[in-house]
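Engineer: Below are the chains, spelled out letter by letter.
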Amino acid sequence: MIQGISIYEILTLSTIIFFIGVYGFLTRKNLITMLLSIELILNASAINFVVINKYLFPENLQGVYFSIFIIAVAAAESALAVAIIINLYKLITSVEVEDTEIMKY
Amino acid sequence: MDFTYTILIPLIPLAVFLLLGFNYGKIKPAISGWIGSLGLFASFILSYYTAYKYFFEVGKVDGVYQTFVHKWRWMSFTDTLHIDMGVMIDQISVMMLIVVSTISFMVHLYSRGYMKGDTGYTKFFSFLSLFTFSMMGLVLAANLFQIYIFWELVGVSSFLLIGYYYTKPSAVSAAKKAFIVTRFADLGFLIGILIIGYYGGTFDFVELTNPEGNVIANWASTSFMGLSVITWGLMLIFMGGAGKSAMFPLHIWLPDAMEGPTPVSALIHAATMVVAGVFLVARLFPMYFFVEDGYALNLVAWVGAFSSLFAAIIALTQNDIKRVLAYSTMSQIGYMMLALGVSGYDGHDGLGYMASMFHLFTHAMFKGLLFLAAGAIIHAVHSNYLKDMGGLRKFMPITHITFLIAALSISGFPGFAGFFSKDEILVAAFEHNKLIYFIGVFVAGLTAFYMFRLYFGIFWGKDTKYEHAPHEAPKSMTIPLMFLAFMSIASGYIHFSEYVTADKQSFEAHLNYPLAAIAVGVGLVGIILAFVFYKKPTNLPDKVSNTFGSLYKWTYNKFYIDELYLFVTKDIIFKRISAPFAWFDRHIVDGTMNLIGNSTVATSKGIKGLQSGKVQDYAFAFIAGVVILAMIFIYNWII
Chain A
1 MIQGISIYEI
11 LTLSTIIFFI
21 GVYGFLTRKN
31 LITMLLSIEL
41 ILNASAINFV
51 VINKYLFPEN
61 LQGVYFSIFI
71 IAVAAAESAL
81 AVAIIINLYK
91 LITSVEVEDT
101 EIMKY
Chain B
1 MDFTYTILIP
11 LIPLAVFLLL
21 GFNYGKIKPA
31 ISGWIGSLGL
41 FASFILSYYT
51 AYKYFFEVGK
61 VDGVYQTFVH
71 KWRWMSFTDT
81 LHIDMGVMID
91 QISVMMLIVV
101 STISFMVHLY
111 SRGYMKGDTG
121 YTKFFSFLSL
131 FTFSMMGLVL
141 AANLFQIYIF
151 WELVGVSSFL
161 LIGYYYTKPS
171 AVSAAKKAFI
181 VTRFADLGFL
191 IGILIIGYYG
201 GTFDFVELTN
211 PEGNVIANWA
221 STSFMGLSVI
231 TWGLMLIFMG
241 GAGKSAMFPL
251 HIWLPDAMEG
261 PTPVSALIHA
271 ATMVVAGVFL
281 VARLFPMYFF
291 VEDGYALNLV
301 AWVGAFSSLF
311 AAIIALTQND
321 IKRVLAYSTM
331 SQIGYMMLAL
341 GVSGYDGHDG
351 LGYMASMFHL
361 FTHAMFKGLL
371 FLAAGAIIHA
381 VHSNYLKDMG
391 GLRKFMPITH
401 ITFLIAALSI
411 SGFPGFAGFF
421 SKDEILVAAF
431 EHNKLIYFIG
441 VFVAGLTAFY
451 MFRLYFGIFW
461 GKDTKYEHAP
471 HEAPKSMTIP
481 LMFLAFMSIA
491 SGYIHFSEYV
501 TADKQSFEAH
511 LNYPLAAIAV
521 GVGLVGIILA
531 FVFYKKPTNL
541 PDKVSNTFGS
551 LYKWTYNKFY
561 IDELYLFVTK
571 DIIFKRISAP
581 FAWFDRHIVD
591 GTMNLIGNST
601 VATSKGIKGL
611 QSGKVQDYAF
621 AFIAGVVILA
631 MIFIYNWII
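Going down the list, the sequences are from chains A and B.
In terms of the working numbering, the first sequence opens at residue 1 and continues consecutively.
In terms of the working numbering, the second sequence opens at residue 1 and continues consecutively.
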């Protein structure tokens, strides 16, 4: 419970972050920035967990734990993604998403 | 007496075939010639040993020639239905062993000279051995099924040898023609075998041909379209025989088969394989004779008589010497068929049967000789055509004399082998059917004429200028010629009525002097006519052919039988029947399948566009889906 800030404002913030992430994921051409966009989406959901826990069920802590899980998963996922991108770079000397179309075949 | 060893007679050539065939290219030509000839020599010795044993020592018991059968079960379906392989030693199979081994051995010796320098020398000998194996197997076969297998094997080896010069398109098409025509005839043979097997209950020759046996006794039990089924079976089997023996109207392959090397023509298309049909009818002779009072046998007689006349007329006008000999072969085989057809069964009535086998034997000798001599001539002048020959007697004395002996023999000149066998045939025909007899005598005259037309045309006639002076053939070729010339005279003095008879008992056959005199007279007329026409180059032949005009043209074009076949197969079967079926198959049946296939491909092509491979497109679609679902949920449950 933060003084002077209601749940709506925080949820609005997380929604904005979420859609920035979605927008970034859809429009960026660089795989790294796409990865950053995914992190934004994950962060938005983590904020939601924390906020809803804090404002609606202040006596519980599950939401906080969940957000910690999300952060851990996001870290693992981005490590994996970066590894993939490095290998891809070795293969096609590029980190542009358009060049990965060969995966189709 | 145990005749089991006779199985070696076909197996030795088979071994030679495998040896030469698998080592093709590794064996030196000269050596492969020797291997082939030696293998055949072994079979040759064994055949003569068998003949000696059979005819002079153990064959005859109480005046009746015995049949020795050794068989092994090959395919057994049930207790009663099984197919055996075996060897059957009786009068005609032993006689055929002599014919096949003698001619084959001579042809092997001859080929060593004739094929010298040919690139496929080893291949040639391996095919010859394959043929000899199949032919020996055919004559030794103990049942209908086995004879059918070897029947097809000789067909295959004939195909291979006709198409031996496989770079020549005419040889290739001749090989195909021979194979297809005989295969068509063999279809009849196979159906005949199945009918006999089904209604007779056995394939075994001994049981089938036993005059007191079940099959012959019960021929009337089932009938089909007014005839006994057994008669139908026999007529269909004769169809197979007629195809192999080039009887009208299945003869069209034989003249074309002359595209093969000449030793092959001598071995296969003159002496051995083409008489397989005669052998087959002789093998089943008691059936032909007893079933339905010889209805099928009558057919044999008339087909034989007609073919012999038909072929003799065509032979008058052909210019390719091998083709004249081919038609002559067809005519002589017709003779054998008609002799079988007019034959009776018991004792002296069986004269026709004996005469047919006798003629088969002598014909193999002199016709083999004629072909081998023709091969020597072709070898010397490098042409098959009469117009390129003439005056050869000065260059090739041995070929000249041997050819003359063979020509006299086939013309039925007294003292030569053909005279004796032909006389017996004519006597048998005279006693049975006068019309057939007259056809026979007429054909004898024609035969003498066209043989001496060849003889004078080749060795006398005009003095052709040769680019290279023709020379006598090498020893390896002249020795077989001389041996066969000897046989062409000597084989006439064998008392066949003592050895080969329908009822397996000897009888006395004498020359019938009045009939012999008539036949000889007619033959002499033919020879004299040929002498007048062709001894010196004159314009007489042209005058005569002009007088006959269209008849000459018909004869020269072989009565347009080939064209008729082409018309029936190409214009009627291919165009009217096969073409619509082919159209239906290509457009309707294939079309349906193609439609299914094509529509599947088209659909997948359309869908494939959606799979762009761009990860953001997928993400967009996913998010769009989520948004739409969210809107639906909001609309339905919240508002």
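A hint or two may mislead.
[Unchecked claim] Derived pair list, reagent style DSS-like, types lysine-lysine, alpha-carbon separation capped at 25 angstroms: (1) B:Lys-123 with B:Lys-168; (2) B:Lys-394 with B:Lys-465; (3) B:Lys-614 with A:Lys-90; (4) B:Lys-608 with A:Lys-29; (5) B:Lys-394 with B:Lys-475; (6) B:Lys-614 with A:Lys-29; (7) B:Lys-60 with B:Lys-116.
[To be verified] Incomplete in silico selection of chain B near chain A, CB under 10 angstroms: (8) Ala-380; (9) His-382; (10) Ser-612; (11) Lys-614; (12) Val-615; (13) Phe-620; (14) Ile-623; (15) Gly-625.
Keep in mind the hints are simulated off the structure, nothing from the lab.
Ideal placement from N, C-alpha and C gives every residue a C-beta, glycine not left out.
Engineer: For the hint on Phe-620 of chain B, does the least C-beta distance to chain A fall short of 10 angstroms?
Structural biologist: Hint holds; Phe-620 of chain B Cβ to chain A Cβ min 6 angstroms, cut 10 angstroms.
Engineer: Would the pair Lys-608 of chain B and Lys-29 of chain A pass a check requiring their Cα atoms to be no farther apart than 25 angstroms?
Structural biologist: Since the Cα atoms of Lys-608 of chain B and Lys-29 of chain A sit roughly 23 angstroms apart, the hinted pair holds (cutoff 25 angstroms).
Engineer: Please check whether Ala-380 of chain B passes as an interface residue: C-beta within 10 angstroms of a C-beta belonging to chain A.
Structural biologist: violated (72 angstroms)
Engineer: Checking one constraint from the list: CA of Lys-394 of chain B to CA of Lys-465 of chain B, max 25 angstroms. Satisfied?
Structural biologist: holds (13 angstroms)
Engineer: Closer than 10 angstroms between Cβ atoms is the bar; does Lys-614 of chain B clear it against chain A? Give me holds or violated.
Structural biologist: holds (6 angstroms)
Engineer: Would the hint on Gly-625 of chain B stand, with a C-beta cut-off of 10 angstroms toward chain A?
Structural biologist: violated (13 angstroms)
Engineer: Does Lys-394 of chain B pair with Lys-475 of chain B here, judged by a C-alpha cut-off of 25 angstroms?
Structural biologist: holds (18 angstroms)
Engineer: For Lys-614 of chain B and Lys-90 of chain A, compute the direct alpha-carbon distance and say whether it is at most 25 angstroms.
Structural biologist: holds (20 angstroms)
Engineer: Holds or violated: are the alpha carbons of Lys-60 of chain B and Lys-116 of chain B at most 25 angstroms from each other?
Structural biologist: violated (45 angstroms)
Engineer: Please check whether Ser-612 of chain B passes as an interface residue: C-beta within 10 angstroms of a C-beta belonging to chain A.
Structural biologist: holds (7 angstroms)
Engineer: Can you confirm whether the C-alpha distance between Lys-123 of chain B and Lys-168 of chain B stays at or below 25 angstroms?
Structural biologist: Holds: Lys-123 of chain B and Lys-168 of chain B sit about 17 angstroms apart, inside 25 angstroms.
Engineer: Would the stated hint for Ile-623 of chain B survive a check requiring a Cβ distance to chain A of less than 10 angstroms?
Structural biologist: holds (6 angstroms)
When the structure is compared with the earlier hints, violations turn up for hints 7, 8, 9, 15 and for no others.
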